[in-house]
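Line order of the protein sequences matches chains A and B.
The letter at position 223 of the first sequence is residue 223 when you use the numbering used here, and the numbering goes up by one with no holes.
The letter at position 181 of the second sequence is residue 181 when you use the numbering used here, and the numbering goes up by one with no holes.
Wrong hints could be hidden among the right ones.
Unchecked claim - Computed spacing ranges between beta-carbons, pair by pair:
(1) A221/A with V288/B: 53 to 59 Å
(2) N192/A with G154/B: 41 to 47 Å
(3) D264/A with S240/B: 44 to 50 Å
(4) S44/B with L62/A: 31 to 37 Å
(5) H239/B with D264/A: 56 to 62 Å
(6) L318/A with G154/B: 53 to 59 Å
(7) Q38/A with R204/B: 23 to 29 Å
(8) D238/B with I138/A: 18 to 24 Å
(9) F122/A with Q254/B: 42 to 48 Å
(10) Y66/A with R204/B: 45 to 51 Å
(11) K325/A with Q254/B: 40 to 46 Å
(12) V97/A with L46/B: 35 to 41 Å
The set of hints was computed from the structure by calculation and includes no laboratory data.
Everything numeric in this text was worked out from a predicted model, so none of it was measured.
No residue lacks a Cβ here, since even glycine has one placed at the ideal position from N, Cα and C.
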Amino acid sequence: MNSTTQQAPALPEAHRVPEPLPGKSGRARRKGNRAPQQSFRSRLRRDKQMLLMMLPGVAFLLLFFYIPILGNVIAFQDYQPYLGIGDSLFVGWQNFVDLFGNPDFIHAFWNTLYLAAWQLVFLFPVPLVLALIVDSLISTRVRRIFQSIAYLPHFLSWVLVIAFFQQMLGGAGFVNNLLRDMGMDPIPFMTNPETFPVMVVIQMIWKDAGWAMIIFLAALASIDASLYEAAAADGAGRWRRMWHITLPGLRPVIVLLLILRIGDILSVGFEQFILQRDAVGAGAAEVLDTFTYYTGVVGGGWSSGAAAGLAKGVVSALLIYGANKLAHRFGEDGIFAKQAR
Amino acid sequence: MATTLFTRKPRELSYNPKRPVWKERPSPLYQTVKAVVLVLFSLSILTPILLVVSTSLADTEQLVQAGGFVLWPERPTLEAYATIFKGPMVLQSLGVSMLITGVGTILALFVTITMAYATSRSVLFGRPVVLAVLFTLLFAPGLIPSFLMIRQLGLLDSLWSLILPGIFGAFNFVVMRSFFMNIPGELIESARIDGANDWQILWRIVMPLSKAVIAVVGLFYAVGFWNSFFNALLYINDHSKWPIQLLLRNFVVQGSGAADQLGITTTPPPQSIQMAVVVVALVPILMVYPFLQKHFAKGVITGAVKG
């Protein structure tokens, strides 16, 4: 019975229903200002085909999103597959207590944050720099060619990306073969746990930096060119124009992407890690998601796996919410403002 | 200042008419740095692709000489491809991948288009449904509950487990819906007055107007299905139901016992066979990429700005 989408335009002052007497509920007062509305039943009859159209999507959301969310209740149970959710023993917060006493989980947790920090610091600026360079190109042809190349890896699967990296940088890969031919020792790019964060960031840059550039390019194109002209006429050089016009113009986009990045921080890149965990070892590549997978699905510890997953989901949602609050405080739109239409 | 601008104008114009008059010519150093960055980035993307394709085409002699990799096949041969298609495994997994991509994309388009159209007009329950979709962007139900759901539905080891979880994406929904919202309401009203019902309006009026966005979203879904690997790792044990990405992972990335697994005897060197599998997974993406590229930038930007 949500009617916000059907609001009638506010009536001019003279036609307005007089203020209701004190004692009338707020709901009645609000109704007073509105054009007469169809009843729920007649709207139902009117929209029945539209509602039918929503049905497949709503069924999907229920089946693969909202019911599984309720399934997180097993995080508070000692879940046994043969007993099912209904009959498994309820253990309260015990799984979480165990989890935070489990050194493997703590390790996965810190490792996730460590890798996320690497990504935030080194990955985030790359697309911005690339976009600034591309935007400054005069020749549209060079621009188009570079864009075609740079967007491509985004559409390759992580399996392919890792396969490419192995062939290039792996122990028996192209680069190490060259090194051997030149009489040098091979460098274990792909299997050294210490340099793994660097490798992760490089892989991500390779795959997605070009794609992430798109949104910056769009924002750059929407900056009013006369601002640059005016600044140049006032004697501002290249760098001052960038500092005083370009970057402020990009601020909303940068803030938006940072928020999304922060909300995603605990999902540092699941497939990327699960594909390389065997090569570099659990010490370097274990993150919250792989921990959940190996504990839950592989190890059969359903409840502790679910507890780890739930902890991650809740923290992520809180991070997004917090980052968005912060963005509002700095006077930016953030994400929610844009979504509420 | 005005005089400087005036005197500089002719020189700038003679250099490059596309450069705005007020923009100074970049210094040679700055130009070089830009060129180096762009060229290196492009090369880093193109080299591995070239290397893999060339190695898959190279003949044994050249491969042995070069020590495993070649950047250009001197005597190109399709031997490696002939070998991988002899065994059942690659063909089977290609079939699986094509099946889930085809069926999945059609179903996904159906679910997304109907949902996006229904919520793009002001209808009963429209707003809460949109909010319910947007909420999925914020929070994920988690790996274990999703797995249990698939098991509860009896979909383990069934190809539906690779299709159904991917038939609706909130991002694609937002792109599609924002496009539908821009279709003028008068158009739809006039069709209604002519006696069309909602399904007819969607099929005859809205969809023909939205071919471009439907193509883009369809390609996004198709690429997603083709590339999905983790769902198969989770839900599929039966080797004959592996999609190509899982085969690729087990055969190239983990790389052990490759030839035996594929049920083939290894006459060409294993290197070129592995590369041939990589190319088989890569080629469909390269084939749709030009179409994708033509439209996606626009689609993504509409989605991002309006989303």
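Do the hints match the structure? See the list:
1. A221/A with V288/B: 53 to 59 Å: violated (26 Å)
2. N192/A with G154/B: 41 to 47 Å: Between N192/A and G154/B, where Cβ atoms are some 44 Å apart, the hint holds.
3. D264/A with S240/B: 44 to 50 Å: Violated: the Cβ-Cβ distance is about 36 Å, outside 44 to 50 Å.
4. S44/B with L62/A: 31 to 37 Å: Hint violated: Cβ distance 44 Å, outside 31 to 37 Å.
5. H239/B with D264/A: 56 to 62 Å: violated (33 Å)
6. L318/A with G154/B: 53 to 59 Å: 35 Å Cβ-Cβ, so the 53 to 59 Å window is violated.
7. Q38/A with R204/B: 23 to 29 Å: holds (26 Å)
8. D238/B with I138/A: 18 to 24 Å: Violated - the Cβ-Cβ distance for D238/B and I138/A, about 56 Å, lies outside 18 to 24 Å.
9. F122/A with Q254/B: 42 to 48 Å: The hint (42 to 48 Å, Cβ to Cβ) is violated, given that F122/A and Q254/B are roughly 28 Å apart.
10. Y66/A with R204/B: 45 to 51 Å: violated (33 Å)
11. K325/A with Q254/B: 40 to 46 Å: Because 44 Å falls inside the window, the suggested range holds.
12. V97/A with L46/B: 35 to 41 Å: Since V97/A and L46/B have Cβ atoms about 52 Å apart, the given range 35 to 41 Å is violated.
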